[in-house]
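Undergrad: These are the residues of each chain, in order.
There are 2 protein chains.
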Amino acid sequence: MINFQTSPEQYKHWRLTFDGPVAKLSMDVQEDVTLAEGYKLKLNSYDLGVDIELADAIQRLRFEHPEVKVVVVTSLKPRIFCAGANIYMLGSSSHTFKVNFCKFTNETRCAIEDDSHHSGRRYLAALNGTASGGGYELAIACDEIYLVDDGNSAVSLPEVPLLGVLPGTGGLTRLVDKRKVRRDRADVFSTLAEGLKGKRAKEWGLIDGSFATSKFQESIDSRVQELVGSGASDPQVGIKLNPLPVEVKPSGMEYKYVNLILNREQRYADLTVRGPDTNLPTAPEEIHKLGDAYWPLQAFRELDDVLLHLRVNEPEIGLVCLRTEGDAERVLAMDETLAAHRDHWLVREILLYMARVLRRLDLTAKSFFAIVTPNSCFAGNLFELLLASDRSYMLNSEDGKVEIMLDQLNAGALPMSNGLSRLQSRFLATPEKVDEILAHQGGFVTESAEEAGLITFAPDDLDWEDEIRVAIEERTSLSPDALTGMEASLRFAGPETMDTKIYGRLTAWQNWIFQRPNAVGPEGALTNYGKPTQAHFDFKRT
Amino acid sequence: MINFQTSPEQYKHWRLTFDGPVAKLSMDVQEDVTLAEGYKLKLNSYDLGVDIELADAIQRLRFEHPEVKVVVVTSLKPRIFCAGANIYMLGSSSHTFKVNFCKFTNETRCAIEDDSHHSGRRYLAALNGTASGGGYELAIACDEIYLVDDGNSAVSLPEVPLLGVLPGTGGLTRLVDKRKVRRDRADVFSTLAEGLKGKRAKEWGLIDGSFATSKFQESIDSRVQELVGSGASDPQVGIKLNPLPVEVKPSGMEYKYVNLILNREQRYADLTVRGPDTNLPTAPEEIHKLGDAYWPLQAFRELDDVLLHLRVNEPEIGLVCLRTEGDAERVLAMDETLAAHRDHWLVREILLYMARVLRRLDLTAKSFFAIVTPNSCFAGNLFELLLASDRSYMLNSEDGKVEIMLDQLNAGALPMSNGLSRLQSRFLATPEKVDEILAHQGGFVTESAEEAGLITFAPDDLDWEDEIRVAIEERTSLSPDALTGMEASLRFAGPETMDTKIYGRLTAWQNWIFQRPNAVGPEGALTNYGKPTQAHFDFKRT
Chain A
2 MINFQTSPEQ YKHWRLTFDG PVAKLSMDVQ EDVTLAEGYK LKLNSYDLGV
52 DIELADAIQR LRFEHPEVKV VVVTSLKPRI FCAGANIYML GSSSHTFKVN
102 FCKFTNETRC AIEDDSHHSG RRYLAALNGT ASGGGYELAI ACDEIYLVDD
152 GNSAVSLPEV PLLGVLPGTG GLTRLVDKRK VRRDRADVFS TLAEGLKGKR
202 AKEWGLIDGS FATSKFQESI DSRVQELVGS GASDPQVGIK LNPLPVEVKP
252 SGMEYKYVNL ILNREQRYAD LTVRGPDTNL PTAPEEIHKL GDAYWPLQAF
302 RELDDVLLHL RVNEPEIGLV CLRTEGDAER VLAMDETLAA HRDHWLVREI
352 LLYMARVLRR LDLTAKSFFA IVTPNSCFAG NLFELLLASD RSYMLNSEDG
402 KVEIMLDQLN AGALPMSNGL SRLQSRFLAT PEKVDEILAH QGGFVTESAE
452 EAGLITFAPD DLDWEDEIRV AIEERTSLSP DALTGMEASL RFAGPETMDT
502 KIYGRLTAWQ NWIFQRPNAV GPEGALTNYG KPTQAHFDFK RT
Chain B
2 MINFQTSPEQ YKHWRLTFDG PVAKLSMDVQ EDVTLAEGYK LKLNSYDLGV
52 DIELADAIQR LRFEHPEVKV VVVTSLKPRI FCAGANIYML GSSSHTFKVN
102 FCKFTNETRC AIEDDSHHSG RRYLAALNGT ASGGGYELAI ACDEIYLVDD
152 GNSAVSLPEV PLLGVLPGTG GLTRLVDKRK VRRDRADVFS TLAEGLKGKR
202 AKEWGLIDGS FATSKFQESI DSRVQELVGS GASDPQVGIK LNPLPVEVKP
252 SGMEYKYVNL ILNREQRYAD LTVRGPDTNL PTAPEEIHKL GDAYWPLQAF
302 RELDDVLLHL RVNEPEIGLV CLRTEGDAER VLAMDETLAA HRDHWLVREI
352 LLYMARVLRR LDLTAKSFFA IVTPNSCFAG NLFELLLASD RSYMLNSEDG
402 KVEIMLDQLN AGALPMSNGL SRLQSRFLAT PEKVDEILAH QGGFVTESAE
452 EAGLITFAPD DLDWEDEIRV AIEERTSLSP DALTGMEASL RFAGPETMDT
502 KIYGRLTAWQ NWIFQRPNAV GPEGALTNYG KPTQAHFDFK RT
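As they're listed, the protein sequences go chains A and B.
Be aware that the first sequence starts at 2, since it is given in the working numbering, and climbs by one per residue.
Be aware that the second sequence starts at 2, since it is given in the working numbering, and climbs by one per residue.
It is worth saying that the hints were derived from the structure and are not from the lab.
Keep in mind the model is a prediction, meaning the values are calculated, not measured.
Misleading hints may appear alongside valid ones.
What the hints assert, rightly or not - Footprint (simulated), chain A over chain B, 3 or more residues, beta carbon under 8 Å:
(1) 153–167
(2) 187–195
(3) 224–231
To be verified - Below are the DSS-like pairs computed for lysine-lysine, each with C-alpha atoms no more than 27 Å apart in a straight line:
(4) A:K200 - B:K25
(5) A:K203 - B:K203
(6) B:K250 - A:K541
(7) B:K179 - A:K434
(8) B:K25 - B:K41
(9) A:K434 - B:K43
(10) A:K181 - B:K434
(11) B:K13 - B:K43
(12) B:K434 - A:K179
(13) A:K250 - B:K541
(14) B:K181 - A:K434
(15) B:K203 - B:K181
(16) A:K25 - A:K13
(17) A:K434 - B:K200
For glycine and all other residues, C-beta sits at the position ideal for the given N, C-alpha and C.
Isolated chain A, as found in the complex (with noise of 0.2 Å):
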């Protein structure tokens, strides 16, 4: 089993360091200690275990180090930024893996950029040798780009030349769409094993400069400080992210908010998030206070949590049936504080991440239905949850009261992929709905839910059982791959931007590519590099 958390005591591939308003993230891969067996990781390639640090120093900059605002993203290893990722690893891989490992090292590149973008803190790629596929794909995630010139050190994507596969970690897109290098340019770069070096770099736009080695420490330390400005830094204190309580169980995951249940024979699982169970304090100081254990905090680490570990390791599970329970007004007053103290850093961070737990579920190759009953609480920022799922099916009940509520953090303060709301997607045909829901005074019962286009099915008692067990059967009976290909397409309708232009186009290409004989058949690229044997390929265009 995948394991998900880490904190900085324990990484043994990054070391992260702080100097008052810069924080220094270094790279220095421990090439004997890998997630699998069968590679090392040489020249600071990486693997998942690898990114997985990333991931979480990135998340821990936000929260426990406010007063951050520049991070020097750099390597300790000598003439090597960093390789990419190991192409053993991947040549080695199933293809199921593969596509989740370069999802999840995408997440982790646009949470640099969301950090960047919404919080305002500058990422800086301090290149003291090459960067090389991946490397340089971590690179362009930041905001400035500095190569050592010492006459060797280059940036480089050798995926296509050398591998037969892409720079799928958002490489080509933000080589185009980012930093707008020239698309012939582009083509080039992408094509040329060895890469480009300082002066050629900076022309072509792949780097935004190249100091010689011996002025390379003092160029960048005072671009950081150029950064840095002028002005006092924040007083800020952050808080502790600690680790997630979890129970792991054959038949499921127990944390304090979520609750996980696999029915693997069925190929489904139940996954319910429980509101807060107690009142949640409406100020910022208290919040400050209660730092981990606030309840949207608490509770979205927990989704994060389990949403990597059902597409990691639980590949066989196709549907998610999201529930929620708890009391929806506890929900709805918790989100006027949020709503109220957006501008307050920890208020906004919990947001930004919540936004980013939601992305992750809107970009999970799992079906999600929601199932709404008496008991449930979708409201607010849970009813994301429904809004995020393929369908939802709500009981209508002769008995108890079901409903559902929307409140000002559905208006767009949690938003897709896509740059809309979840609302805004679902309301695309009729974009007036959305501010006469949005306007609503209290819930929605299953029948004003169901008339407001709220939800998909709304069965009544004596159909429930029956149409949510033939629900589940049909769509685990269907094909994976189909579904996933999809889901992928309806889930973003509307506007593209460039996430998910990695998302999509990027990433389907590559997904395609991972599979193609001339990457991973027997006499492919990815297969035979650094082995005696050459590749051949099928010439035969598609």
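Given the coordinates of chain A, assemble chain B onto it according to the supplied hints.
TA: Chain B only, in chain A's frame:
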């Protein structure tokens, strides 16, 4: 060899009839007239041969029948509109063919929308029977959809539940992006093999209306009359699209203005477009008189044909070296005429067609290098060939002048699928350069072209031959799959549109699925469809 040229007299599967401003395009597929062995085109299912006729009909409508305001797309078979792409054809086709088949059918449906959007012709799908899979996808490419209410006929996308593949001809994208069907309903609909009928289909936005069998024809006629409007029909008279003269040789194809030389051993082709050989008329009436012999129409029809030929009949050709020859001044003069009269229906249609052909090039899974030499004619509309190329090489000659020239047609008259001009796409990083370059008087000789960022490389006489030779050798040695994915990513920087979503996200996922054992393996759903054997899935979610 698959031939993309046809004409209404030769149609086997469609009937195209006219009644003043109304055209009727009726599907009546001959089940035994197939492009390959091993399947029968039952129930108005189609193969590439059927779609070649459809594409031809839509093209002819625009040029030969400008008087047509409304096109009714219907079927001559009782109780069935169209059952979509033939499943046995798909099951027995190579991966490469499947992908090219889907691309062409997508382009045909986009051409319908292009006609509707830019030329105002309304397309009305009169579904006199069930429209399933590609049949419904054809319907949603139309502006309006009406379904007969006979208690039986339905619209459906049964690909996911029955075949384990996607409705990949734009269906999933148009469902949520064009018809803006709510995503949860789209999910239900796309997993429901039997589809939906009249009332519910209308309520969910899948169709625009349904009429009882007895009133169907009358109701369609009445809606058609509304669309035609009461205004007098335009007195415009179309031009005839004659068969393209082409000499097919073992080593290539020779058209009047387009020449293709296949270097099969080295897996690349030289594709030369020759500019006009005489001075061209400047008045629309004279252009009309010239008809399909007018250079822009003839040359681009030839280019269109040769691109389709390369895609489908020459899969092993991985690289196309684009060359031009001729008198640049003539091209510029012609472009001036086209720009001056772009409101004239024929000129408008010609420009829209040129744009479609160039988009076909953008979407062709081959590498393109533009090669600029002293006798080249990369000017105006022909300069788009250079901009559409992945790279360009321009000789920096001591002896003769080598020049490229831009004009107003490079300013947006020939947009890419992403809605930008190729010049805008090229200069995303420095948008101010677009206007500077367009304002530049006269041509750009090699050095100034390089400085302006218009070309990739400018080798001198000494290096030229070696550099081109090595560039070709290097390109054709790379994995064709990695190149396809890389080019599809780099060619479309900037915004995304419904078209780019169809060719990017949707198509890439479909291509992925078209390789998955769950679809095409011995136990896959596509393989086993209609056989006594059953599909068995590997249920791992990827």
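Undergrad: Indicate, hint by hint, whether the structure satisfies it.
TA: Results of checking the hints against the structure:
no. : hint            : result
1   : 153–167         : holds (count 7)
2   : 187–195         : holds (count 5)
3   : 224–231         : violated (count 0)
4   : A:K200 - B:K25  : violated (62 Å)
5   : A:K203 - B:K203 : violated (56 Å)
6   : B:K250 - A:K541 : holds (21 Å)
7   : B:K179 - A:K434 : holds (18 Å)
8   : B:K25 - B:K41   : holds (25 Å)
9   : A:K434 - B:K43  : violated (44 Å)
10  : A:K181 - B:K434 : holds (14 Å)
11  : B:K13 - B:K43   : holds (14 Å)
12  : B:K434 - A:K179 : holds (18 Å)
13  : A:K250 - B:K541 : holds (21 Å)
14  : B:K181 - A:K434 : holds (14 Å)
15  : B:K203 - B:K181 : holds (13 Å)
16  : A:K25 - A:K13   : holds (16 Å)
17  : A:K434 - B:K200 : holds (22 Å)
In summary, the numbered hints that this structure violates are 3, 4, 5, 9.
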